[in-house]
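These protein sequences, in sequence, are chains A and B. The opening position of the first sequence corresponds to residue 1 in the working numbering, with each subsequent residue numbered one higher. The opening position of the second sequence corresponds to residue 1001 in the working numbering, with each subsequent residue numbered one higher.
Don't read these hints as lab results, they were simulated from the structure. C-beta atoms are modelled at their ideal positions from N, C-alpha and C, and glycine is treated no differently. Just so you know, not all the hints are guaranteed correct.
[As the list claims (entries may be wrong)] Here chain A is said to cover these stretches of chain B; the calculated rule only asks that three of the stretch's residues, wherever they fall, bring their Cβ under 8 Å from a Cβ of chain A:
| no. | stretch |
| --- | --- |
| 1 | 1051-1061 |
| 2 | 1065-1075 |
| 3 | 1106-1116 |
[Stated by the list, open to error] To list a few chain B residues with every Cβ distance to chain A over 10 Å, as calculated:
| no. | residue |
| --- | --- |
| 4 | 1160 |
| 5 | 1199 |
| 6 | 1302 |
| 7 | 1309 |
| 8 | 1381 |
Protein chains: 2
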Amino acid sequence: MKLPLGFRYASAYAGIRKIEKDDIALIVPDQPANAAAVFTTNMVQAAPVRRARKNLIEMGKVGAVLVNAGNANCATRTGERVVQLSCAAVAKALKLAQKELVFPASTGVIGVELNPKLLTNAVPKLVQELSPENFEAVASAIMTTDTCMKVASEEVPFKDGTIRVAGMTKGSGMIHPNMATTLAFVMTDAVVSPKTLREILKAGTERSFNSLTVDGDMSTNDTLLLMASGASQVKPMLKEKQVLAEVVAWVLESLAEQIAADGEGARKLIVIRTVGFNTCEDARRVARAVANSPLVKTAIAGSDPNWGRILSAAGYAGVQFDPSDIDVELQKTVVCNSGLAAEYDEPELKKKLDEKEVRIRIINKKNGKGEARFFTCDLTEGYIQINGSYRT
Amino acid sequence: MKLPLGFRYASAYAGIRKIEKDDIALIVPDQPANAAAVFTTNMVQAAPVRRARKNLIEMGKVGAVLVNAGNANCATRTGERVVQLSCAAVAKALKLAQKELVFPASTGVIGVELNPKLLTNAVPKLVQELSPENFEAVASAIMTTDTCMKVASEEVPFKDGTIRVAGMTKGSGMIHPNMATTLAFVMTDAVVSPKTLREILKAGTERSFNSLTVDGDMSTNDTLLLMASGASQVKPMLKEKQVLAEVVAWVLESLAEQIAADGEGARKLIVIRTVGFNTCEDARRVARAVANSPLVKTAIAGSDPNWGRILSAAGYAGVQFDPSDIDVELQKTVVCNSGLAAEYDEPELKKKLDEKEVRIRIINKKNGKGEARFFTCDLTEGYIQINGSYRT
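Work the whole structure out from these sequences, hints included.
Shown next, in the form of structure tokens:
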């Protein structure tokens, strides 16, 4: 992977998780980096989310990201204290001017008290291990029920030199749009103002993390952070800014796709595309309703081309349309034509539905300009097994 | 069961289902009965739903209910024709004045063409078998993936005599509020006007079928019909009307509870109660979000008192509240106190969560007057198994 210049990474086992696997991580720009973030819109928010939002508004910059992936630090008496003490420890060890430059994030079980010492004790080791090489170690440490690490990167030659964008994220349950869903950290070494970062992040999030659902549950801890170290000394000008925005969006989309593909218990990534609807909002609603339908997701799990469930889910999306205008394609095979069963080779289609990636396309023949895309995964026994015994 | 006077029932096997189990049924009042109905709000509606709505608006009465439980008769080329021919056959066999007095309903797979002859050929046999005794045979014939028959009845002594109310319904996937969800037929022998029936049905539906979710999927065929034969010759007066409304609501609630308890793959009924919220609408939204959360439902399946998921689902319901005002009770045990973990005996509570009925109570200590109740079920591997291979 081509990694952005100007960032160092470290992970360690702090004893927060029961099993000995790194559960704490640090991402540190060489200098406090311009940054933008989006957070969960849940009314119940973890202490680190509240603090990170406050710090970022105050400082506009991030001097270090401290991630605890063993405990959500949410709905606990110790939440604030853990954040306070651990951020202070990081600021001190890194000699940051202010502890508000530390951006805390966490994920894990809700409502379980956490001993702040577990975090503060781990800080010296973390700081000592900081290295540009540890990007993937951190990506791996932030995993909870994920079965694989989720990273993406890209580099782009601009007029004044090359810039890099790299991101990491974690899934894999409690995934639903309306904010960043889950933790994601995206770094670039381009020179970018906080304002531009906010615009880039907003547009990119809409196309990626806000177009993603695993189970319709929205977490209390979701945080998506974009930082620019400026270490490439390349400042994108004019159209280059748009290119940078595209590249960040591409990295975010890749991360979102990886989350869907690794949804809890998932065997298949499902990509839903809606076209021809009145507005993009209408197209989005239809795509989201289909993406959230357990009946569609179990049908795909069973490689069953049960397009009636797709049409039915579209029908309760709260969008006006005439069913006789609707075509549905599964793996590029037309299964529903003008709202009615199309002729297709069912055994052949079932075989295509066994693939790791299933594409559903819903076409409104009224030919409106509204279109959208949504990522999700199939719903299998594995989801139940993972979530019926997560805590115990 | 004490059944309302003035109705006859019949069921038969018409060859619509693959397995030989009754798949067609008839409910016939001795005289066309005053009636009210609610239907799915899905944009995609089965032919019988469209026709039943139209017929009822036109006639205000129902002379016969024809149910096909083997094929949804939705999104097919033959949909209209099947309805037309089968209703005509029933009207003729019963010597009804108009074929519009026949109220068609159907449930089953979507998008599979249906031969109208299967229905019309079965009509003579159905008519021949009509009997007041066959109530449960019909309740059993309308079942699809249900594991048990769902019926409820009640009788009430009024000043002028006794009246009876009895209902039947079927589940058990594609269950979501916003209309009658699924098929349900409720009969009374009281003398009631269509207008009063509509009021009674609306109020009762809100408390029962619109407070029920299995998987968040809303069907294309949902129909809930209330008929009054008047055969008791008892006309409820003044306060008796309210009593009748209560009794109908009670029957509907019982049916809704039975659907939740027999949700696809379900092992447990979950009853969610929310109290102390600003408005009943707020309370309903919170209860619904918790009822729809796969994470809550899988936790209950695993007897895991993971109240953090309950609090988190409440938090994304779109309702303003302060998490530190919230208490959560599981089986009457306080698990979350003012948004924080309460002390409780976990092994003992886990044992209580093994019971067939799990009660979740969410209390907003702001003491608002808004309260609500929602029915749902746990989410198990069984749901996946049933729905991954329903068609094939």
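Please settle this one: residue 1302 of chain B was flagged as non-interface, so is its CB more than 10 Å from every CB on chain A? Violated, since 3 Å does not exceed 10 Å.
Verdict on chain A covering the stretch 1106-1116 of chain B, criterion of 3 CB contacts below 8 Å: With 5 residues closer than 8 Å to chain A, the stretch 1106-1116 of chain B meets the three-residue bar; holds.
Minimum Cβ separation between residue 1381 of chain B and chain A greater than 10 Å? Given a closest Cβ separation of 4 Å, the condition is violated.
Was residue 1160 of chain B rightly flagged as not at the interface, with every chain A Cβ beyond 10 Å? holds, 44 Å
Is the listed coverage of the stretch 1065-1075 of chain B by chain A valid when you require three or more residues with a beta carbon under 8 Å from a beta carbon of that chain? holds (count 3)
Beyond 10 Å from chain A, beta-carbon-wise, is residue 1309 of chain B? The claim is violated: residue 1309 of chain B sits with its nearest Cβ about 7 Å from chain A, within 10 Å.
Per-stretch coverage check for the stretch 1051-1061 of chain B, three Cβ contacts closer than 8 Å to chain A: violated (count 0)
Check the non-interface label on residue 1199 of chain B: least C-beta distance to chain A beyond 10 Å or not. holds, 26 Å
Consistency with the previously given hints fails for numbers 1, 6, 7, 8, ordered from lowest to highest.
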